[in-house]
Amino acid sequence: MTKLPPAVLSRVAKPARYTGQEWGSVTKDHDKVDATFALAFPDVYEVGMSHLGLKILYHVVNRRPDAAAERVYAPWPDMEAELRREGIPLHTLESFRPVAAFDIVGFTLQYELSYTNILNMLDLAGIPLKSADRGEEAPLVIAGGPCAFNAEPLADFIDFFVLGESEEALDDVAAAVAAWKKAGKPGGRRGLLARAAGIGGVYVPAFYEARYNADGTLAGVTATDPAAPPAITKRIVADLEQAPYPTRPVVPFLEVVHDRIMLELFRGCTRGCRFCQAGVLYRPVRERRPETLLRLAQELVDNTGYNEISLTSLSSADYSCLKDVVGRLIDQFQGQGVSVSLPSLRIDSFSIELAQEVQKVRKSGLTFAPEAGTQRLRDVINKGVTEQDLEEAVGAAFRAGWSGVKLYFMIGLPTETDDDIRGIAALAHRVRDIYREVTGKRGARVAVSVSSFVPKPHTPFQWYGQNSMDELERKQQLLRTLFRDRSVTFSWHDARVSFLEAVFARGDRRLGEVLLAAWRRGAKFDGWSEYFKFDVWQEAFRETGVDPLFYAARERGAAEILPWDHLSAGVDKSFLRREYEQALAAAPTPDCRRGDCRACGVCQGLGVDIIDWGTP
Amino acid sequence: MGKKYRLAITKGEEIRYVSHLDYMRAVERAVRRSKLPAAYSEGFNPHMKLAFASALSVGVASEAEYLDIELTAEVDPAAVGGALARELPPGIAVRGVRTMGAGRAALMAVVNLATYRIAVPLPAAALDAAEAAIAAFNAAPAAPYVKESPKGRREIDVKNFVHSIAAARRPGGLELTLAVRITPAGSVKPAEVLAMLVKYFGLSADPDAALVTRTGLFVADGSGRVAPLDL
Chain A
15 MTKLPPAVLS RVAKPARYTG QEWGSVTKDH DKVDATFALA FPDVYEVGMS
65 HLGLKILYHV VNRRPDAAAE RVYAPWPDME AELRREGIPL HTLESFRPVA
115 AFDIVGFTLQ YELSYTNILN MLDLAGIPLK SADRGEEAPL VIAGGPCAFN
165 AEPLADFIDF FVLGESEEAL DDVAAAVAAW KKAGKPGGRR GLLARAAGIG
215 GVYVPAFYEA RYNADGTLAG VTATDPAAPP AITKRIVADL EQAPYPTRPV
265 VPFLEVVHDR IMLELFRGCT RGCRFCQAGV LYRPVRERRP ETLLRLAQEL
315 VDNTGYNEIS LTSLSSADYS CLKDVVGRLI DQFQGQGVSV SLPSLRIDSF
365 SIELAQEVQK VRKSGLTFAP EAGTQRLRDV INKGVTEQDL EEAVGAAFRA
415 GWSGVKLYFM IGLPTETDDD IRGIAALAHR VRDIYREVTG KRGARVAVSV
465 SSFVPKPHTP FQWYGQNSMD ELERKQQLLR TLFRDRSVTF SWHDARVSFL
515 EAVFARGDRR LGEVLLAAWR RGAKFDGWSE YFKFDVWQEA FRETGVDPLF
565 YAARERGAAE ILPWDHLSAG VDKSFLRREY EQALAAAPTP DCRRGDCRAC
615 GVCQGLGVDI IDWGTP
Chain B
221 MGKKYRLAIT KGEEIRYVSH LDYMRAVERA VRRSKLPAAY SEGFNPHMKL
271 AFASALSVGV ASEAEYLDIE LTAEVDPAAV GGALARELPP GIAVRGVRTM
321 GAGRAALMAV VNLATYRIAV PLPAAALDAA EAAIAAFNAA PAAPYVKESP
371 KGRREIDVKN FVHSIAAARR PGGLELTLAV RITPAGSVKP AEVLAMLVKY
421 FGLSADPDAA LVTRTGLFVA DGSGRVAPLD L
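Residue numbers (the working numbering), protein chains in the order written: chain A, 15 to 630; chain B, 221 to 451.
Simulated from the structure, these hints should not be mistaken for laboratory data.
Not one of these hints is a red herring.
Below, computed lysine-lysine pairings styled on DSSO-like, alpha-carbon distance capped at 27 angstroms:
hint, chain 1, residue 1, chain 2, residue 2
1, B, Lys255, A, Lys69
2, A, Lys17, A, Lys42
3, A, Lys28, B, Lys367
4, A, Lys28, B, Lys409
5, A, Lys28, B, Lys419
6, B, Lys371, A, Lys28
The structure displayed is predicted, hence computed values, not measured ones.
The following block holds chain A by itself, in its conformation from the complex:
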């Protein structure tokens, strides 16, 4: 057990990040369990504590009498310096045991630019960075989350990945570790990896070999071990009603990013936006029953003492019984000082009605995501929203008393021209004008936020070559010249960050050396602008002789073997290709959740069904 000296805690910012003891945290006697998990989020406490997935997994492991899960987050650089100077190893927040003393260290992969933090955390833990260098006593380092669907850039560092929803898979992993230890650790570390490879959804990269063609493209990733299946398909929870839900989550002292109850209405989204990776990875739609949600909400309020319930999902407004559930939640909780919030809105007046219901008093601003500035481009990305939808939605919002709206767009989408860029400005100005038409006043506040498109694996745009940084910056500059009105504010993302995201999103195993080189040169917290050091990354690419443009900017051929082809989200590659071709033809594809099956392959392939309580 480590002890942080008072002088250390006095010197760092927000020391409560490191002292644990939160309500709901679970500390077990490690001598009385067979499998111990350090669940790691490779970012700072306030970000990691906001993540629903890790709350679920913490609960899944801790409800087993034979297993214990504890938490660890990336120490902020001030604390990292203290730990290194004092020689204190990275440790968990529950028992303050060194992370290296756990059986399993599990990272969640939410964002490509957190990869250097994984290396940094392993180093702080005293765990060899590369799987191949870990001895028998080292923990197994595992990872899951959306970025695991292209595992290759991390293949050198992670002992195994778990693809898809891990509620059941992590249970299987805990059972496998416990059984292996009880049996006297047959086969040692390799024996445990072989057992893990037999669990559905588990990918052991060391059991596969990547080969390349002369032109640098991938020739294939093939199994070299008899325990390894040729391809790995994601795990999925067929019925969320049966899935464990953390109704006793850890309640932090520190104010975290999402400091409220997260009530997950449903999983999956089949609107089919062609840029969206989550829409593919979490297919199909599976809703919880309204009664279940009300029961979970009451338990969560009782156990946490939070005063806000956020209805979370990929697209919460699509929950089939939303109006009913929102009304009943408000009835049930307004006397208890608990409010309800909707984090994401659809662009329609139905959403405004609901927002009105949940924000009766505080009109805290509404966010809409038209994503593209022209109808043509919205058809390309299959964002089924028209200008008229947006006009109606913001009109309703302004009539209801809101004066500020936030609009999200992307630039760098396939087939985009400068007309589409100008369309973003035109749409924002149209929203401003609607405010004047509706209220007769000036003074609308329109905040336009423009990110740069990063093509993601397992999406119809996985073949697309990203716009160059110069091109993205040119488009940002063009937009800046178009926003001259004080009622419209314009913000954009650093193109260099989007570029690096694109490299790692669709990278292969050869990027492992780049990661290592960048980390050695001090890269960490790359997703935080104050720590993002692009020159360090450029040096790392140079040093390793890896061309980042090969990964970010190159249009892949239809027949090319992609680094994630052996990792399946259950959606057929042929479907994604069809969708890419539909995109180039600006042809829409309807949502499949009410019957119009587009044969993406997920339901048939995984033996699951759409669960939608609004289906007549």
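Dock chain B against chain A, hints included.
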């Protein structure tokens, strides 16, 4: 009109590094979990009627925090304490509860003295010099010190707030005890007192390594001290 209760609670070692705002929020959540019939303010953004006596700095523990809470129904004080105690996180214990008559002044307004214990780690060889530094402070007619905050620099005389400091030898260092006046014109933090001792009285210690614990909050006048629960 609701019923008012005053509670004495602690901020223990476990949560020493929790900020005052986070501490208050933790108590508020515990009240909500306890299902005590807490009263809320009227208006658009109702908040729980909960008032704390005096803020504690990050890194300072306390054996004597006080809060006033209003409930919408009468509850036996022991039951209030019991219900809350079950829902408080480690590090917060209930030390006493009493009902408050109507018309009592707000805690914040009446508390004017805080007592502290400071554990200062020191090598045995440095104890004599440290005691001499404390004695020099006690003997000094004034002890000017520049407070620095985001709002700016302000010179104060620590002697206006701290009359004297007692020092006792303990294993591993010196234990200081002191009483700090809280006045309408402000006060001084124990960390500032330590920094002043280091800077102006030659105390050779690392203020970051010292552990500060509030031991009492009082309403003091010429005749003595009364704890908020005994008012």
